[in-house]
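J.: From first to last, the protein sequence lines stand for chains A and D.
According to the working numbering, the residues represented by the first sequence are 51 to 501, in order.
According to the working numbering, the residues represented by the second sequence are 52 to 488, in order.
No wet-lab data here; the hints were simulated from the structure.
Heads up, a few of these hints could be off.
Computed beta-carbon distance windows for the label pairs [to be verified]: (1) A:N92 to D:R56: 53 to 59 angstroms; (2) A:E403 to D:A203: 37 to 43 angstroms; (3) A:G456 to D:Q223: 38 to 44 angstroms; (4) A:A420 to D:P269: 36 to 42 angstroms; (5) D:E228 to A:R454: 58 to 64 angstroms; (6) A:R257 to D:A383: 55 to 61 angstroms; (7) A:K278 to D:G60: 53 to 59 angstroms.
SDA-like cross-link-like pairs, simulated, lysine to any residue; straight-line CA separation at most 20 angstroms [claimed, not checked]: (8) D:K411 to A:T104; (9) D:K346 to A:A201; (10) D:K481 to A:Q249; (11) D:K113 to A:D210; (12) A:K278 to A:A176; (13) D:K346 to D:G379; (14) D:K346 to A:N160; (15) D:K153 to D:A270; (16) D:K481 to A:A248; (17) D:K346 to A:Y244; (18) D:K481 to A:N160; (19) A:K278 to D:A79; (20) A:K202 to D:D356; (21) D:K268 to D:N241; (22) A:K426 to D:R125; (23) D:K411 to A:S158; (24) D:K346 to A:T144; (25) D:K397 to D:Y314; (26) D:K346 to A:A176; (27) D:K346 to A:R363; (28) A:K202 to A:K278; (29) D:K481 to A:D210; (30) D:K113 to A:Y373; (31) A:K202 to D:K153; (32) A:K426 to D:R340; (33) A:K426 to D:K153; (34) D:K397 to D:N470; (35) A:K202 to D:G352; (36) D:K113 to A:A201; (37) D:K411 to D:G379.
Listed next, the stretches of chain A that the computed footprint assigns to chain D, with coverage defined by at least 3 CB atoms under 8 angstroms from CB atoms of chain D [as the list claims (entries may be wrong)]: (38) 168 to 178; (39) 199 to 207; (40) 370 to 376.
Note that CB positions come from ideal geometry on N, CA and C, so glycine has one too.
So the chains spell out like this:
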Amino acid sequence: MVAAAHRKVTHWSRPRNRRAGPRVRLPSLPHSGNIACFSLVNGVNLYVYENSSTSSVVVNGYLEVGALDEPSATQAGLAGFVADCLTRGTQRHTYEQLYEQIEAVGASLNIYGGMFTTGFFAKSLAEDLPLMLDLLSDVIRHPTFPESEVAKERAEWLTDLHERATSTRAMCGLAFNELCYPESHPYHYSTDGYLETAQAITLDDVRRFHATFYAPAGMVIVIAGAVKAERAHDLVAAHFADWATTRPARSVNLEAPPITERRCRHVHIPGKSQTAMLLGNPGPSQLDPQWLTCAMMNSIFGQFGMYGRLGERVRKEEGLVYYIGSRFEGGLGPGAWNVYAGVNPGAVERVVEIVRAEMRRIRERKVRPAELDDNKAYFVGALPLQMETNEGIAGQILNMVRFRRGLDWLLEYPERVYAITAADVQAVAQRWLDPDRYALATAGPAVGDGA
Amino acid sequence: MRVARVGDGIVRAQLPNGLRVIVKEMHAAPVAALSVWYRVGSRNEHSGITGISHWVEHMMFKGTRRYSECDLDRLISRNGGVNNAFTWLDFTTYYETLPADKIALALDLEADRMANARFDSRAVALEREVILNERQMYENSPGFRLGEEIQAAAFKAHPYGHEIIGYVCDLQALTREDLYAYYRQYYAPNNAVIAAAGDFDAGDILARVERRYGRLKPAPQAPAVAAVEPPQRGERRVVVRGEGDTDYLSLAFHAPAATHADYMALVALDSVLCGASGLSFFGGGGSNRSSRLSKALVDAGYAADVGSSLVPTVDPFLYTLQATVMAGREVAEVEAKVWAELERVKREGVTRVELDKAIKQTRAQVVFSTETATNQAFWLGFSEVIADYTWFTTFLERLMRVSPEDIVCVANRYLTRDNVTVGCYMGQDKANGSSGA
């Protein structure tokens with residue numbers, strides 16, 4: 051059964067310095083004065099935010115290992131598969147023992163491979179933090195990859211890939227990245243891999259990848275919750291300080307050639323009712339000095355209120371979609387900007403037409419002062435909501451560290467937001483949005499099958 | 052206004068017009084959440100008007116006398132808040148979370164749309180298309196298509212038998228007048244609960260509620276839902292065929308209402324079988340890899356994953372077990388494994404260790420699910436709609452009173468072949484030699 055809802059909301063964003071805007075009440079923002087920082091000699095960095103108002107604790111972080119370290123496209127998905135196999139057994143624990151311990155205390159532990167990094171996230175009652183750090187260190191440092199367990203994980207992976215083949219959103223995403231990035235670019239390939247690579251990757255590949263690339267240098271651990279900073283440090287040091295492995299340096303070129311024409315692809319998936327759609331171009335990374343302005347432009351275009359200008363035109367005025375929005379996908383490396391929507395197959399052409407018209411409008415005309423002011427107020431005003439949970443706080447700290455923003459980023463944030471001008475917004479729209487040269491991927495019923 | 056301080060920092064009140072209010076102060080973060088609950092959902096619908104509760108919910112965002120359609124979302128966003136709504140089996144709820152000093156805005160918006168939503172004809176026509184699109188989005192999921200068939204097969208008399216989104220034929224036929232009459236019938240202070248939690252003074256919130264909602268007129272009592280699902284007398288089966296090469300299995304058993312004496316024993320049994328569920332409509336919950344069904348199905352290579360759903364409802368609904376069949380395995384093999392585990396519970400019972408684990412898992416989930424003002428307001432309002440606030444505040448305490456014998460008892464009572472609807476989704480794109488129906 052599905053809870054039928056009015057809409058779904060997602061968001062987050064980054065900046066620069068000029069005039070200040072209205073003050074907001076931000077008493078519990080994490081900053082350099084209340085985040086305890088520790089560096090272990092092996093390159094592990096720990097950040098702790100004490101939050102005594104809860105009785106839980108969150109551990110969030112990453113290792114510098116990801117799909118960019120995969121030897122070739124024929125092993126696409128290897129980094130993610132290794133991450134998934136970490137909990138399949140260690141020198142001290144079987145798979146069954148690991149999950150028995152985690153679940154017996156109502157905790158969760160997730161490790162997931164990405165393009166640049168391998169992330170981890172654990173949540174538990176504060177009393178169980180020692181256990182969770184012990185298990186985290188064990189699975190990251192001492193996995194044994196038992197053959198029978200890796201085979202089980204592979205079978206689950208293959209089933210996931212079979213399911214993916216009939217997911218309109220997933221298949222649309224694959225097609226979009228293939229259109230946006232050439233075969234020589236890492237983003238052309240899925241970090242989840244393919245049926246062929248999932249079958250071809252060997253146990254030796256898994257063990258070698260872990261032995262070669264899992265290392266402490268650059269590892270970031272953020273802990274937020276009901277724990278004293280010194281105690282958290284002692285626990286982390288006990289489990290990670292003696293880790294001395296090193297990994298080879300990574301060298302990749304992520305420059306994407308611009309799209310010089312209209313590239314379209316439809317993935318036909320019979321039996322579906324709705325078409326998933328992605329339209330966009332390669333975009334910036336979150337290290338780009340204009341990132342916050344990009345986020346502001348994107349909010350106006352496809353996020354604010356109910357999907358920004360796109361929502362006004364496509365949903366409210368014409369009733370063509372249930373959901374539509376836009377996003378910048380960049381992280382440590384550049385990522386695409388795109389518009390996403392679920393569309394009746396018969397309405398795709400009309401939606402594309404409106405999206406392109408809106409792209410032209412935001413490039414050609416400066417946004418109205420009231421519209422810009424609404425979005426600035428939202429960016430700044432929403433900060434308290436993002437700090438309500440330990441997950442939210444840990445996530446903010448992790449982003450400040452990952453994107454090299456400095457630990458006082460949030461204190462400076464309102465000033466940076468209010469410094470953005472309509473001309474700045476127009477400039478980034480002109481830089482990243484192109485209504486005539488773009489990638490358009492769709493997945494779903496045959497074109498023109500709409501009611 | 053009658054006001055009662057009832058413990059746990061909770062204050063309850065009722066206005067003369069029938070509006071119930073429940074409030075809890077939380078001062079950990081400068082945030083406040085409001086949720087407004089109407090006792091109307093798909094439970095109140097019948098053939099011909101399926102989906103009307105959800106459609107009315109959509110119309111509540113299309114403007115009021117005071118606030119235009121744009122204003123309703125824009126004002127919340129520009130004040131740093133988030134808002135949304137959803138329609139469920141037993142209720143429809145609207146919620147806003149804002150910086151604490153802005154919560155009066157949410158109180159004002161919600162009061163206005165409780166009485167003054169516009170239901171403009173053009174907006175109704177456009178929203179019909181939006182909702183048909185929403186339904187198409189759900190239909191893309193094999194899980195939705197299977198679930199819809201299972202619900203329809205499981206219920207013969209009770210309106211829980213149709214999906215909340217409604218059938219396409221009804222969505223195409225409902226008129227503006229139908230929607231407005233439904234709104235007038237159910238959207239009134241005497242059919243609503245307001246729940247608020249956050250960094251505010253409870254007395255101040257109650258005073259604001261009284262000022263803003265006290266003048267709203269009650270509606271005539273909405274008709275009670277009289278339908279009672281007759282006992283199931285034998286196994287029911289549905290098969291859905293569709294795209295893909297993956298099969299899915301669901302076993303849906305009629306289960307007791309949230310207030311039934313057996314409910315907590317079923318919660319404990321669910322934990323043993325499938326792990327503790329996240330106690331939140333907004334996600335949560337951990338892995339379930341050490342649960343009995345995961346060991347028997349996933350670890351043994353029969354399923355790629357297993358899950359379960361035990362929904363607290365006003366009337367008896369369903370307890371559902373689900374599995375994604377591993378490539379190369381047959382649905383029938385997976386089903387046999389599920390039944391073997393259910394029979395094992397009935398035959399051997401559960402251990403004290405398993406029950407203690409379920410209690411610790413639930414304790415953690417209670418902590419996680421009450422850390423935010425949004426979730427606190429959610430649980431207060433939800434509990435008041437299906438029972439009263441103590442349903443949630445005593446949840447863990449009641450779970451701790453469940454014994455291993457109670458669990459065997461509910462397993463024997465509900466998890467039987469005469470009480471099940473078995474649903475299979477059969478992927479039709481399999482290579483030769485793979486599983487069939």
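J.: Tell me if the straight-line CA distance from K411 of chain D to G379 of chain D falls inside 20 angstroms.
T.: violated (37 angstroms)
J.: Would you check the hint for K397 of chain D and Y314 of chain D, treating anything up to 20 angstroms between C-alpha atoms as holding?
T.: Status holds; Cα separation ~17 angstroms.
J.: Is it true that the CA of K481 of chain D sits at most 20 angstroms from the CA of D210 of chain A?
T.: holds (15 angstroms)
J.: Indicate whether the distance between the beta carbons of E403 of chain A and A203 of chain D respects the range 37 to 43 angstroms.
T.: Cβ of E403 of chain A to Cβ of A203 of chain D: about 39 angstroms, so the range 37 to 43 angstroms holds.
J.: Would you mind confirming whether the straight-line C-alpha gap from K278 of chain A to A79 of chain D stays at or under 20 angstroms?
T.: holds (17 angstroms)
J.: Okay, A420 of chain A versus P269 of chain D on CB: inside 36 to 42 angstroms?
T.: holds (39 angstroms)
J.: How about the segment 370 to 376 of chain A: do at least three of its residues have a C-beta closer than 8 angstroms to a C-beta of chain D?
T.: Contact hint for the segment 370 to 376 of chain A vs chain D: holds, 4 residues under 8 angstroms.
J.: Is the hinted pair K202 of chain A and K278 of chain A satisfied, with a Cα-Cα distance of at most 20 angstroms?
T.: Violated, at roughly 39 angstroms.
J.: Just to be careful, I want the Cα atoms of K481 of chain D and A248 of chain A compared with a cutoff of 20 angstroms; is the pair within it?
T.: The hint holds at about 18 angstroms.
J.: Decide if the proposed pair is consistent with the structure: K113 of chain D and A201 of chain A, CA atoms, cutoff 20 angstroms inclusive.
T.: Roughly 53 angstroms between the alpha carbons, so the hint for K113 of chain D and A201 of chain A is violated.
J.: Quick check on a hinted range of 53 to 59 angstroms for N92 of chain A and R56 of chain D, using CB atoms only.
T.: Roughly 55 angstroms apart at Cβ, these two residues keep to the hinted range, so it holds.
J.: Please verify whether K481 of chain D and N160 of chain A have alpha carbons no more than 20 angstroms apart.
T.: Measuring from Cα to Cα gives roughly 32 angstroms; hence the hint is violated.
Violated hints, listed in ascending order, are 3, 6, 7, 11, 15, 17, 18, 26, 27, 28, 31, 32, 36 and 37; each of the other numbered hints is respected by the structure.
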